[in-house]
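S.K.: Residues per chain, in single letters:
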Amino acid sequence: MLAEELLARPRLGRLIVGRLTDDVLLVRHGQVAEVVDELRKMGHTPRVEGGK
Amino acid sequence: MTSAPETEGDVPSPAPEFAAEPRLAPREASLERYAPALVEEIDRDLAKWLKSRIKADPPARIEKLLGSHDLIRKALERAPDSLRRALTAFARLPGVELRHDHALALLEAVGAGSGRHALREALQYGLVWSSPFGSREQVTHFDVPDPLPPAALPRFRLAPGLIGFHPETPVTEPVAAAAESESSEDGGEEADGHGVQRPDDWFRLNPVEAPNSGWREVDGWEIPIRLAQVWQLARRVPIKRTQQQTLFKRDHERLTRDPILAGSMLDGPVPVADAGLLAWQLAQAEGWLDPSQEEQRPELGLADHWPESRNELLLRLARHWLQLTRWCELPDMLDQGAFATWMVSGRMLLLVALAELATDRAVRISDLTRLIETRCRPWTDPAERVGKLRDEAARGEIARQWTRSAVCGVMFQLGLVRLAPDADGELVMLTERGRKLAGLTPEATEPTVFDQTLLVQPNHAMIVYRQGLTPALLGRLFMFAEPKSIGAALTFELTADSVYLGLEAGLEPEMLLALLARHQGREVPPGVVSSIRTWVGKRDRLAVHSAATLIEFASPDDLRSAIARGLVGDQLSDRILLVGGERELDLSMLRITASRDYRLDPETCVGVSDDGVVLTVDMEKSDLLLDAELRRFAEPMSLSPSGAPRFRIDRAALARGFALGVDESALSDWFRQRAGREPPASVIMLARGLKPSRQTSRTLRVVTVDDPLLAEGLAQHPTTAEFILERLGPRHLAIHADRFETFVRLAADLGHGITEAV
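Read top to bottom, the protein sequences are chains X and B. Everything in the first sequence is counted per this note's numbering, starting at 6 for the first residue and increasing by one. Everything in the second sequence is counted per this note's numbering, starting at 81 for the first residue and increasing by one.
Rather than coming from a laboratory, the hints here were simulated on the basis of the structure. Each hint should be verified, as a subset may be incorrect.
Covered by chain B, according to a simulated footprint, are these stretches of chain X (three or more residues, beta-carbon under 8 Å) [claimed, not checked]: (1) 14–27; (2) 37–51.
To give a feel for the contact side, a few chain B residues facing chain X, derived at Cβ under 10 Å [to be verified]: (3) LEU583; (4) ARG621; (5) ALA623; (6) SER626; (7) ASP650; (8) SER653; (9) GLY660; (10) TYR678; (11) ALA708.
SDA-like mimics (lysine to any residue), calculated; alpha carbons at most 25 Å apart, straight line [claimed, not checked]: (12) B/LYS701 - X/LEU20; (13) B/LYS701 - X/LEU31; (14) X/LYS46 - B/LEU622.
We put the beta carbon where it would ideally sit given N, CA and C, even for glycine.
Please take these sequences and the hints and turn them into a complete structure.
M.R.: Right, dumping it as structure tokens:
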């Protein structure tokens, strides 16, 4: 459900290359910071591994 | 010593603080950085100067001789006064690496002539060590070319063997005329040509007996608290600087208007101006904000940077403060020529002068002001008087304000000095910590701390008593708690955002709870524990890997086997493993059949059938994403005769895709990337059919003429034009069925009979 919610967000959808499995999304290269910022705007608190 | 003679002269103006200095790796002042020939020269000159007959290899003999303080004291008695003063100044700044221009300005201020000759002698005898300078990695000589950018200038420090040695030359005493001429003869010290105040005009300190009581002294936490707040601000949103290395307006406001940074200090006889900017400069000097980066964000928590000891932390900050050039005690003076850079020597002079006082003596701040006025370039050299300093009346006031600000501001807040009221103003003397900074005492007593020092309340507020603060505790608290007020006690609030900040900075949830429990001395309120666990759980719902390697195994068994052989990663499916991080993986245990870099554009790997709705996958070119992409708007079919996966696009599958956010534009992009063509018309037709669509039908008559020009004429002529609904082709015209008879009659009137085809 969470993946669906993220994909349905137009701004986030543009930053996502594709969906690997039900719960794994692939982010465009160099867009991690934007994705994290957008997730935070949505109220999520993502665990960021390896820095932005 | 055979180095080239140096021209003695005036102290050079401080090196301009270039906006964009070349980033040089820190190069410490050490004999190990010296060329062997230079070490041999120093060894020879030092042994000769000390009249020593010790035999040993150069580095070992230098070390031994520098440990012979009695020999050095005797040699200094024969040495010029300028060398004694220079060595005294360096001895009062152990642990500080003085930049070339700052060192010369300080030596001039303590009466060591222009400083050049005395510094040269100290370097020649190995009493002071230099770092490499310019673009060199090794010290081969001591001739500093002029000009060099600040980052390329040499830095000097007292030889380690001399730490604890004090020449006891009273540098605040005016230079005796004899000593001055001796210095002049010996090294060619020249009289200044700029009207610089002469040493015999200099003011001398008038120490008074220190009162037994009435001293004000602080715990030293105010500035570290502000550094911790800068850490938190920069961790939330990086501090951004322009290419000219100035702060963006928004970041300048964050650092100057933040209520914690700009708030008043618990005991502040004189406010520390722009305390947030001071903390930011100190953070850069500390290295946890990278001064070379345009976006500054600390990577590690403060507890990883700070020492355990409060004294050690405050002394470290004090050493950085001594050398700050882009922050000034008087913000208005920061851009007044080289004032801020000259005043580095002013700060050092204050420390050297206070270190000269006996332990039972204090001095009036007005005396220190006079010292600054008579020793520091912005006051002594008319050429350095820019801006407000040109005004004679303002000059004295600036000296008074700067000195009070330095002594009663930063020095007081770092716990380097204590203050006592006096009929003629304030008295000041060094604290034990200040004496340690000046190398007068090997250790300063570490304040006693009380472990149980905080109180977490059920409403998530937290009170922290300063008596129990340590650098480690302060650093950790600012990692996961939002400061609300700083006073006799510190108040914080635990919020989802602040706890998330801590977890992102590497704090483990159990560590956080254990820290609260330990310093509270009893159980943390269950509601707070529950909130923290909820916030931790929420964070674990989403993980973002900034870099990863995905390994797709041929079968679930292969994946299990690789994990059993030690491959570590997150299992995404029964055949896909994700290994986070950018490190090179040891994949020797696997047989790699293909690899794909997902940073590249997707490959064209799909064939489209003639009817447009069956897609066949080229397995050699496809990647892990393709399957997931296709399943969003197509249904898997049986394999093709050649064994390739196939998918069918039908109305239901497309409807599912559109519900997930796929639209006609995304579909076009996908077909162009994956099939190398525009989407087939049959697919577009299906896609458009998903939206409410209304088509129309009506009965028409079609007139076919034998010449396109005739069709054009009928469509254009006013008699017949109104009857023509549409031109269907070059020779075909569509006419309303119910007006057809009229059209035929009017066309006949124009000479064109129309008969109905059988």
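S.K.: None of the hints should be skipped; say for each whether it holds.
M.R.: Now the hints, each set against the structure:
Given as covered by chain B, the stretch 14–27 of chain X passes the check, having 7 residues with a CB less than 8 Å from a CB of that chain where 3 are the minimum. Taking a C-beta to C-beta cut-off of 8 Å, the stretch 37–51 of chain X contributes 7 residues in contact with chain B, enough for the three needed, and the coverage statement holds. Interface restraint check: B/LEU583 against chain X, minimum CB-CB distance 7 Å, threshold 10 Å, status holds. For B/ARG621, the shortest C-beta to C-beta distance to chain X is roughly 6 Å, which falls under 10 Å, so the interface hint holds.
The interface hint given for B/ALA623 is met, as the beta carbon of that residue sits about 5 Å from the closest beta carbon of chain X, less than 10 Å. Against a cut-off of 10 Å between C-beta atoms, the interface hint on B/SER626 holds, since the closest Cβ of chain X lies about 4 Å away. Checking B/ASP650 against chain X by beta carbon gives a least distance of about 9 Å; that is within 10 Å, so the hint holds. Interface restraint check for B/SER653: the shortest CB-CB distance to chain X comes to about 5 Å, inside 10 Å, so the restraint holds.
Hint status for B/GLY660 relative to chain X: holds, with the closest Cβ pair at about 5 Å, below 10 Å. At a threshold of 10 Å, the smallest CB-CB gap from B/TYR678 to chain X is about 6 Å, leaving the interface hint in force. Given hint, B/ALA708 at the interface with chain X, holds; its Cβ is 4 Å from that chain's nearest Cβ, closer than 10 Å. With a C-alpha separation of about 23 Å, the suggested pair B/LYS701 and X/LEU20 falls inside the 25 Å cut-off, and the hint holds.
Our distance criterion of 25 Å between C-alpha atoms is met by B/LYS701 and X/LEU31, whose separation comes to about 19 Å. At roughly 14 Å between alpha-carbon atoms, X/LYS46 and B/LEU622 fall within 25 Å of each other, so this suggested pair holds.
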